[in-house]
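2 protein chains.
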Amino acid sequence: MSNQTNKLFRLAARPVGMAKRSDFTYEEVPVAQPNDGELLVKIQYISLDPAMRGWMNAGKSYIPPVEIGAIMRAGTVGEVVASRHPQFQVGDFVSGTQGVQSYAISNGKGLVKVDPKFAPLPKYLNALGMPGITAYFGLLEVGLPKAGETVVISAASGAVGQVAGQIAKIKGCRAIGIAGGAEKCDYAVKELGYDACIDYKRGPIFPGLAQNCPEGVDIYFDNVGGDILDAVLTRLRMKARVIICGAISQYNNTTPIVGPKNYMSLLVNRARMEGMVVFDWAPRYGEAVRQLSQWMAEGRLKSREDIVEGIETFPETLLKLFSGENFGKLVLKV
Amino acid sequence: MSNQTNKLFRLAARPVGMAKRSDFTYEEVPVAQPNDGELLVKIQYISLDPAMRGWMNAGKSYIPPVEIGAIMRAGTVGEVVASRHPQFQVGDFVSGTQGVQSYAISNGKGLVKVDPKFAPLPKYLNALGMPGITAYFGLLEVGLPKAGETVVISAASGAVGQVAGQIAKIKGCRAIGIAGGAEKCDYAVKELGYDACIDYKRGPIFPGLAQNCPEGVDIYFDNVGGDILDAVLTRLRMKARVIICGAISQYNNTTPIVGPKNYMSLLVNRARMEGMVVFDWAPRYGEAVRQLSQWMAEGRLKSREDIVEGIETFPETLLKLFSGENFGKLVLKV
Numbered sequence: 001m002s003n004q005t006n007k008l009f010r011l012a013a014r015p016v017g018m019a020k021r022s023d024f025t026y027e028e029v030p031v032a033q034p035n036d037g038e039l040l041v042k043i044q045y046i047s048l049d050p051a052m053r054g055w056m057n058a059g060k061s062y063i064p065p066v067e068i069g070a071i072m073r074a075g076t077v078g079e080v081v082a083s084r085h086p087q088f089q090v091g092d093f094v095s096g097t098q099g100v101q102s103y104a105i106s107n108g109k110g111l112v113k114v115d116p117k118f119a120p121l122p123k124y125l126n127a128l129g130m131p132g133i134t135a136y137f138g139l140l141e142v143g144l145p146k147a148g149e150t151v152v153i154s155a156a157s158g159a160v161g162q163v164a165g166q167i168a169k170i171k172g173c174r175a176i177g178i179a180g181g182a183e184k185c186d187y188a189v190k191e192l193g194y195d196a197c198i199d200y201k202r203g204p205i206f207p208g209l210a211q212n213c214p215e216g217v218d219i220y221f222d223n224v225g226g227d228i229l230d231a232v233l234t235r236l237r238m239k240a241r242v243i244i245c246g247a248i249s250q251y252n253n254t255t256p257i258v259g260p261k262n263y264m265s266l267l268v269n270r271a272r273m274e275g276m277v278v279f280d281w282a283p284r285y286g287e288a289v290r291q292l293s294q295w296m297a298e299g300r301l302k303s304r305e306d307i308v309e310g311i312e313t314f315p316e317t318l319l320k321l322f323s324g325e326n327f328g329k330l331v332l333k334v
Numbered sequence: 335m336s337n338q339t340n341k342l343f344r345l346a347a348r349p350v351g352m353a354k355r356s357d358f359t360y361e362e363v364p365v366a367q368p369n370d371g372e373l374l375v376k377i378q379y380i381s382l383d384p385a386m387r388g389w390m391n392a393g394k395s396y397i398p399p400v401e402i403g404a405i406m407r408a409g410t411v412g413e414v415v416a417s418r419h420p421q422f423q424v425g426d427f428v429s430g431t432q433g434v435q436s437y438a439i440s441n442g443k444g445l446v447k448v449d450p451k452f453a454p455l456p457k458y459l460n461a462l463g464m465p466g467i468t469a470y471f472g473l474l475e476v477g478l479p480k481a482g483e484t485v486v487i488s489a490a491s492g493a494v495g496q497v498a499g500q501i502a503k504i505k506g507c508r509a510i511g512i513a514g515g516a517e518k519c520d521y522a523v524k525e526l527g528y529d530a531c532i533d534y535k536r537g538p539i540f541p542g543l544a545q546n547c548p549e550g551v552d553i554y555f556d557n558v559g560g561d562i563l564d565a566v567l568t569r570l571r572m573k574a575r576v577i578i579c580g581a582i583s584q585y586n587n588t589t590p591i592v593g594p595k596n597y598m599s600l601l602v603n604r605a606r607m608e609g610m611v612v613f614d615w616a617p618r619y620g621e622a623v624r625q626l627s628q629w630m631a632e633g634r635l636k637s638r639e640d641i642v643e644g645i646e647t648f649p650e651t652l653l654k655l656f657s658g659e660n661f662g663k664l665v666l667k668v
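Here the protein sequences come in this chain order: X and D. Here my numbering is used: the first residue of the first sequence is 1, the next is one more, and so on. Here my numbering is used: the first residue of the second sequence is 335, the next is one more, and so on.
Here chain X stands alone, though its shape is the one from the complex:
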């Protein structure tokens, strides 16, 4: 083990607009060995998430920013290759937040054992990981869906969206997706079971919303912000709920964020817009993963990953998220 190399990316500068390679430093260092109470994980897959862009900014947010010089924060899944920790054995597989690196030492805190026999490892960064758990609590606990309601989901084939759409269907709702391109929209309808999917790349989404939500939108699960949020606000139904889960359209702004100019629709429709961060449900992650796993075992929950190989490609691969190029959950294979 001691001859192994740990490949890692540190945050070198706070990006302006899109993150670029020079905002990171790439290093190759010898792999450290665990002390008493520690374990060493060989990371196999790294989760690339829109939220990572926010973590690179200075200033108050829902978690502290990544410090300059620190290893870039990221969700991970990997195999225990050395352990001096009583609860972990060599050969265990664990998910956690071990950062953009190929090996990581841990004291076990925040690691969760996962079973590659139940589902391929990347699923634990996707439908059985943070995105799935986010969709689960966001839709069910903030959105409070009732059977028969109309749920609109942006980034419908993305990591969070694909799970939210399928849960909406499981709960008896109509699910209308918004995604970029015919291929993603087809996938949303044919594979994920959305009732319809509006292709925002074909033009304004108002006609599609009017056609597919004739009685209005009861729940909008927003992953994108910007013009799409504004468009959906015009179609809210009375007592609608807007779940603010993300705003990927705004994360790389170098000018101020564009606020939802149609927010007064909240007043007209006595509607509610509420932000959610999955960490608040940490004590209930187990419940979500059990339910999501059960739906997956029953064939009612599918998920798709877009797996890119090579940790060295991290800075460029991350950008696929913001161009909408990725198709499914973006995962870096180490």
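Hints may contain errors.
[Claimed, not checked] Now the in silico label distances, taken between C-beta atoms and shown as ranges:
1. D:M352 - X:T255: 27 to 33 Å
2. X:R14 - D:E549: 26 to 32 Å
3. D:M352 - X:N253: 29 to 35 Å
4. X:L140 - D:D370: 55 to 61 Å
5. D:M352 - X:G148: 42 to 48 Å
6. D:A346 - X:A210: 29 to 35 Å
7. D:E549 - X:R284: 26 to 32 Å
8. X:T25 - D:M352: 54 to 60 Å
9. X:T25 - D:E549: 34 to 40 Å
10. D:T339 - X:L144: 54 to 60 Å
11. D:A404 - X:T255: 41 to 47 Å
12. D:E650 - X:R284: 56 to 62 Å
13. D:K480 - X:E79: 43 to 49 Å
14. X:L144 - D:A347: 39 to 45 Å
[Claimed, not checked] Partner residues are not named here, just some residues of chain X that face chain D (Cβ under 8 Å, in silico):
15. Y62
16. M264
17. L266
18. N269
19. R270
20. R272
21. E274
22. D280
For the record, the hints were derived by calculation from the structure and aren't laboratory data. Just so you know, even glycine gets a beta-carbon here, dropped at the ideal spot from N, CA and C.
With chain X's structure known, arrange chain D on it following the hints.
Using the frame of chain X, we list chain D on its own:
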């Protein structure tokens, strides 16, 4: 009675920006007499409210727009001067929505008897009327205040704000007002009992918010929208509630509404922004008025009116609302 003249304003055109005199037609017509089941009210006070600007616009809102040619909608209080309605007698005083006119026929629907011996008539358009009821349900049912929380209220000395601020204090909260000018701020603190009041005319309100809400804002009761909403969003505390009651800064826009560019604070702080329209609580108006009356009788609820005489001045007097010139609830004395 038959020689009396009814002075009235009809909506003549949908205003662009601020309403102007030519958007209305003024008429003097003979007073009609009630048929069986009707009564005639001599209107004494007419409520001038920010919401009236929205009612002049075409298009879907929380109530239908005022039709072109129709008498301008407004809250009113007056005396029954003729009655062929079993439940109303000459000499009764009633509040209702009888429009900008000096006499009005009614079938009794929507009229509520009020008691000028308990409180002067204009109070029934203010703390004991729609603004008071709006503050009551908005703060208590949407804001869900808990003792010790910090409540920020814009248009703090306005019709809704003054009641909301006093209810916040009654419920054991810290109440921080935002108002325009030293006189209004003094009034908010010295007469209404706000803990502090930030004068937005003196410059950006950020420093005042930081100083007076060191732990952040638990509840923001928004009557104004625009820059002030954006500023308060930057100070939200975890699980904050933003009550969208109005957006007077935006009602006369001829360009698109400016959305709250800091709305992502809802996500960071797991906060909720929710619109409210008082009409939804119509079945519970009685409960609110009883409680507000009791607080008033106990000397715990004050309210101030800005009374302008002469129904003929209606178009110009209405504009005082949007310039912030009125001090207290704006009422037109017929």
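Assessment of proposed distance window 55 to 61 Å (beta carbons of L140 of chain X, D370 of chain D)
56 Å, holds
Hint check: 8 Å Cβ-Cβ cutoff, M264 of chain X to chain D
6 Å, holds
Practice prompt. With respect to the beta-carbon atoms only, verify the hint that M352 of chain D and T255 of chain X lie 27 to 33 Å apart.
Written response: 30 Å, holds
If I claimed the Cβ atoms of M352 of chain D and G148 of chain X lie 42 to 48 Å apart, would that claim hold in this structure?
Distance hint for M352 of chain D, G148 of chain X holds at roughly 44 Å.
Identify whether the interface hint at E274 of chain X stands, where standing means a beta carbon of chain D within less than 8 Å of its own. 4 Å, holds
A range of 26 to 32 Å was offered for this pair. Does it hold for the Cβ distance of E549 of chain D and R284 of chain X? Roughly 27 Å apart at Cβ, these two residues keep to the hinted range, so it holds.
query = At a threshold of 8 Å, is the proposed contact between Y62 of chain X and chain D supported by beta-carbon distances?
reply = 5 Å, holds
Status of the given 29 to 35 Å range, CB of A210 of chain X versus CB of A346 of chain D: Check passed, 32 Å falls within 29 to 35 Å.
Exercise for the section: Check the following: the C-beta atoms of A404 of chain D and T255 of chain X are separated by a distance inside 41 to 47 Å. Expected result: Roughly 44 Å apart at Cβ, these two residues keep to the hinted range, so it holds.
Per the hint of 29 to 35 Å, is the separation of the Cβ atoms of M352 of chain D and N253 of chain X within bounds?
-> Holds, since M352 of chain D and N253 of chain X (Cβ atoms, about 33 Å apart) stay within the stated range.
Check: Should the hint that T25 of chain X and M352 of chain D are 54 to 60 Å apart at their CB atoms be regarded as holding?
Finding: Given about 57 Å between the Cβ atoms, the range holds.
Hint validity - R270 of chain X Cβ closer than 8 Å to any chain D Cβ
5 Å, holds
Checked against the numbered hints given earlier, the structure satisfies every one of them.
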